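Could you put the whole structure together from the sequences, leaning on the hints where they help?
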Amino acid sequence: MAGAGPLGKKNTHGERPMANTSTTTPATERGTHPLNALTPAEIEAAGAIVRGWDGWTETAKFESIRLHYPDKAQCRAEIASGKAGDSRRAYVSIYDTADNSVSELIVDLAGEAVESAVGAPGARPAINVDEFMVCAETVPQHPDFIAAMERRGVTDLSHIQVDPFSAGNFGFADEEGRRLVHCLVYLRKDPGDNGYAHPVEGLNVLFDLNKVEVVRVIDHAVHDVPMASSNYHADRPEIAEILRSDLKPIDIAQPDGPTFTVEDRVVTWANWRFHVEFHPREGLVLNDIQVRGGEKAPWRPLIWRASIAEMVVPYGDPSFNHYRKNAFDVGEYGLGQVANPLKLGCDCRGNIHYFDGVFNLTSGEPVVVDNAICLHEEDDGMLWKHTDYMTDEMEHRRARRLLVSMIATVGNYEYGFYWVFHMDGTLELDIKATGIMNTQGLNAISGSGYGTEIMPGVTAPNHQHLFCARLDMAVDGDANRLVEMNVVQPPMGDGNPNGNAFRVEPTVLETEGGRTRNADTERFWRVESAAATNGLGRPTAYRLHSSGMLRPWFHAGTMMEKRAAFIFNHVWCTPYDPAERYPAGRFVNQSDGSETIAAWVKQGRSIRDTDIVLWHSFGLLHLPRLEDWPVQPVARTGFRLEADGFFDRNPTLDVPPGA
Numbered sequence: 004m005a006g007a008g009p010l011g012k013k014n015t016h017g018e019r020p021m022a023n024t025s026t027t028t029p030a031t032e033r034g035t036h037p038l039n040a041l042t043p044a045e046i047e048a049a050g051a052i053v054r055g056w057d058g059w060t061e062t063a064k065f066e067s068i069r070l071h072y073p074d075k076a077q078c079r080a081e082i083a084s085g086k087a088g089d090s091r092r093a094y095v096s097i098y099d100t101a102d103n104s105v106s107e108l109i110v111d112l113a114g115e116a117v118e119s120a121v122g123a124p125g126a127r128p129a130i131n132v133d134e135f136m137v138c139a140e141t142v143p144q145h146p147d148f149i150a151a152m153e154r155r156g157v158t159d160l161s162h163i164q165v166d167p168f169s170a171g172n173f174g175f176a177d178e179e180g181r182r183l184v185h186c187l188v189y190l191r192k193d194p195g196d197n198g199y200a201h202p203v204e205g206l207n208v209l210f211d212l213n214k215v216e217v218v219r220v221i222d223h224a225v226h227d228v229p230m231a232s233s234n235y236h237a238d239r240p241e242i243a244e245i246l247r248s249d250l251k252p253i254d255i256a257q258p259d260g261p262t263f264t265v266e267d268r269v270v271t272w273a274n275w276r277f278h279v280e281f282h283p284r285e286g287l288v289l290n291d292i293q294v295r296g297g298e299k300a301p302w303r304p305l306i307w308r309a310s311i312a313e314m315v316v317p318y319g320d321p322s323f324n325h326y327r328k329n330a331f332d333v334g335e336y337g338l339g340q341v342a343n344p345l346k347l348g349c350d351c352r353g354n355i356h357y358f359d360g361v362f363n364l365t366s367g368e369p370v371v372v373d374n375a376i377c378l379h380e381e382d383d384g385m386l387w388k389h390t391d392y393m394t395d396e397m398e399h400r401r402a403r404r405l406l407v408s409m410i411a412t413v414g415n416y417e418y419g420f421y422w423v424f425h426m427d428g429t430l431e432l433d434i435k436a437t438g439i440m441n442t443q444g445l446n447a448i449s450g451s452g453y454g455t456e457i458m459p460g461v462t463a464p465n466h467q468h469l470f471c472a473r474l475d476m477a478v479d480g481d482a483n484r485l486v487e488m489n490v491v492q493p494p495m496g497d498g499n500p501n502g503n504a505f506r507v508e509p510t511v512l513e514t515e516g517g518r519t520r521n522a523d524t525e526r527f528w529r530v531e532s533a534a535a536t537n538g539l540g541r542p543t544a545y546r547l548h549s550s551g552m553l554r555p556w557f558h559a560g561t562m563m564e565k566r567a568a569f570i571f572n573h574v575w576c577t578p579y580d581p582a583e584r585y586p587a588g589r590f591v592n593q594s595d596g597s598e599t600i601a602a603w604v605k606q607g608r609s610i611r612d613t614d615i616v617l618w619h620s621f622g623l624l625h626l627p628r629l630e631d632w633p634v635q636p637v638a639r640t641g642f643r644l645e646a647d648g649f650f651d652r653n654p655t656l657d658v659p660p661g662a
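Count along the sequence shown from 1, then add 3; that gives the number in the working numbering.
Mixed in with the good hints there might be a few duds.
No more than 20 Å apart at the CA atoms, straight line, and that leaves these computed lysine to aspartate or glutamate pairs for EDC-like [said to hold, decoys possible]:
1. K214 / D111
2. K75 / D612
3. K86 / D111
4. K64 / E32
5. K192 / E216
6. K86 / D166
7. K192 / D166
8. K328 / E179
9. K64 / E368
10. K565 / D595
11. K328 / D595
12. K328 / E508
13. K214 / D177
14. K86 / D267
15. K192 / D177
16. K64 / D99
17. K251 / D382
18. K75 / D102
19. K565 / E179
20. K605 / E583
21. K75 / E583
22. K214 / D267
23. K214 / E178
Beta-carbon label-pair distances, calculated as ranges [stated by the list, open to error]:
24. M495 / A447: 41 to 49 Å
25. V511 / G195: 53 to 61 Å
26. V132 / R401: 39 to 47 Å
27. A638 / E241: 18 to 26 Å
28. H223 / R401: 43 to 51 Å
Simulated from the structure, these hints should not be mistaken for lab results. Quick caveat: nothing in here was measured; it's all calculated off a predicted structure. C-beta: ideal position from N, C-alpha, C; glycine also.
The following block contains the structure:
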């Protein structure tokens, strides 16, 4: 991607200067909001407290140091008072590389003490970015790896590319109790070359992260390495010579500045108010989302917390070692760890407000991601319009929308997460998948329809991108219910003599569990308030619409079904439990699937007229095309939450003409 230069200066790719402006909320700014992420100083302080704890060892490392959330009542009281409490705490997970033990700690930052510590038997921590780098640097030095490359005629390993992949759990006895990654190998001709054009087929490496050693080099079969190049950088001669010259500039201008305001990470815009949080695991998180029906109307709660709580990318090629490619990008890596520092004029255009992010390395050292989250307004075309044919008078309003976004690079893929706030009270999540497809060398199995040959000798396997959004609903308060809506058609007869009648049939779901789409009944779901009613006396509600309700393409009874159970229903609903945040479990890396949402719902708890959490699973099926290579145009998926009797009429009647 071409990066935008400073205001009024030409950037490295010769693009026209943009009239963009930006402000930033730095990671160092503590503020008073109880849900503000830990600052770098707080991460360092938490690390120091844990190192002084009597359970710390010289072989211990940090998985995560992040905010420990106060309970809802305490949060709301502190938000209402505008004063931060003295109970600021950190959640710290550590692991001992000597015995593979894992502990979860709650650290009282003000009291400078470890408040509680519990073990997590059998857990394996997520993989930190610094461990990826150590693995990628260590593997090419192993003599068995060098010999395997020599068998392929490759002796210069100066530009070798090693991509560590989470190893998964396939029941191999010699992998039990170890914390592993499974490495794929690619060759680059020079540092900037696209290595995915040169997959080293038949060669994989199993690497122990805790011991920092190669477990085994797996040389299954020697294949020639494809050497034809396929690049995409603008400064590459083959790309530079085809850059078009007919595209005219589009400038984004707001001469009076943006409509939104930001105070202590709380954003206010039109009929919306919400808190922005950067989370090392979930990436972009929105808290305390509120909406109103007009500039002077009262604020009303809608969602307490919204995030992408998990995602998995299962690949569909059964050939040797490629079947292991099933990455849980949230739980095994962490979206915050791989967040991009966003560029003004490129990732975001216009009047931008950025929020920095911060996460920790295994040493406990904080790492600041500059401009990790972007906030900006966009024109959105027609809001509403009508021409009265009797008077020939026309009324028209133009829409705008507010976007909060983050982009994560997970190995070869990029994911853009865009929470979109609309003027009519609709909240949308738009996910854009781009980057480079994972590739492999052509072999007898991959050439059997399990992928697409995208250039001679190189295939991209079929795969899915499956997401799970966690929506802690609060429609006009915490007391909510989930209603399943099905369109039904009465039989022809006295009540339907012309056969044209159809109606919607609601079913209140009483007990926690999962539900799937039904195309025959146009099924959708709405979350109703158990306490509030609209002007017609009906419960206020929001409706879920989704564009990506897929079926998973792996068999029941497999380990992937157990570990990724959340994708087997499009909607799950559970009563709120602060311990139930991640549908594939707290520790996903090499997990056995025993602590997933499928296990939680077996408790049979009531979800009627109580504090509920809505989990929505959705995604993309990717059957690769030639046009997806060498870099993939954006593919999109997502969902919308639309007001459904929440307001008494169109809430945008107050938008003035010409706005």
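These are the hints, each one checked on the structure:
This hinted pair does not check out: K214 and D111 have alpha carbons roughly 31 Å apart, beyond 20 Å. Annotation: proposed proximity of K75 to D612 holds, straight-line Cα distance about 18 Å (limit 20 Å). Among the hinted pairs, K86 with D111 is consistent with the structure: their alpha-carbon atoms are about 18 Å apart, no more than 20 Å. A C-alpha spacing of about 26 Å is found between K64 and E32, which places the hinted pair above 20 Å, so the restraint is violated.
Simply put, K192 and E216 have alpha-carbon atoms about 27 Å apart, too far for the 20 Å limit, and the pair is violated. For the given pair, K86 sits about 46 Å from D166 by alpha-carbon distance, which is inconsistent with the 20 Å threshold. Between the alpha carbons of K192 and D166 the distance comes to roughly 16 Å, so the proposed pair stays at or under 20 Å and holds. A threshold of 20 Å between alpha carbons decides the hint, and for K328 with E179 the separation of about 18 Å falls inside it, so the pair holds.
Taking the CA atoms of K64 and E368, the gap is near 11 Å; set against the 20 Å cutoff, the hint holds. At roughly 7 Å between alpha-carbon atoms, K565 and D595 fall within 20 Å of each other, so this suggested pair holds. Our distance criterion of 20 Å between C-alpha atoms is met by K328 and D595, whose separation comes to about 16 Å. Using a Cα cut-off of 20 Å, the hinted pair K328 and E508 is violated, with the two alpha carbons roughly 42 Å apart.
Pair hint K214 plus D177 holds up; C-alpha atoms about 15 Å apart against a cutoff of 20 Å. A hinted pair counts as satisfied when its Cα atoms are at most 20 Å apart, and K86 with D267 qualifies at roughly 11 Å. The hinted pair formed by K192 and D177 fails the criterion: a straight-line CA distance of about 36 Å is larger than 20 Å. For the hint linking K64 to D99, the alpha-carbon distance of about 6 Å falls within 20 Å, and the restraint holds.
A threshold of 20 Å between alpha carbons decides the hint, and for K251 with D382 the separation of about 19 Å falls inside it, so the pair holds. Pair hint K75 plus D102 does not hold up; C-alpha atoms about 37 Å apart against a cutoff of 20 Å. A threshold of 20 Å between alpha carbons decides the hint, and for K565 with E179 the separation of about 17 Å falls inside it, so the pair holds. Only pairs whose Cα atoms come within 20 Å are accepted, and K605 paired with E583 is accepted, the gap being roughly 14 Å.
Restraint check for K75 and E583: satisfied, since their Cα atoms lie roughly 15 Å apart, inside the 20 Å limit. Restraint check for K214 and D267: the C-alpha separation of about 42 Å exceeds 20 Å, so the hint is violated. Taken as a hint, the K214 and E178 pair is honoured in the structure, with Cα atoms around 13 Å apart against an allowance of 20 Å. Checked against the hint of 41 to 49 Å, the C-beta distance between M495 and A447 comes to roughly 56 Å, which is inconsistent with it.
Checking the proposed 53 to 61 Å range against V511 and G195 shows it holds: the Cβ atoms sit about 58 Å from each other. At roughly 43 Å, the beta-carbon separation of V132 and R401 lies within the given 39 to 47 Å, and the hint holds. Between A638 and E241 the CB atoms are about 25 Å apart, so this pair conforms to the stated range of 18 to 26 Å. Take H223 and R401: their Cβ atoms lie about 59 Å apart, and the range 43 to 51 Å is violated.
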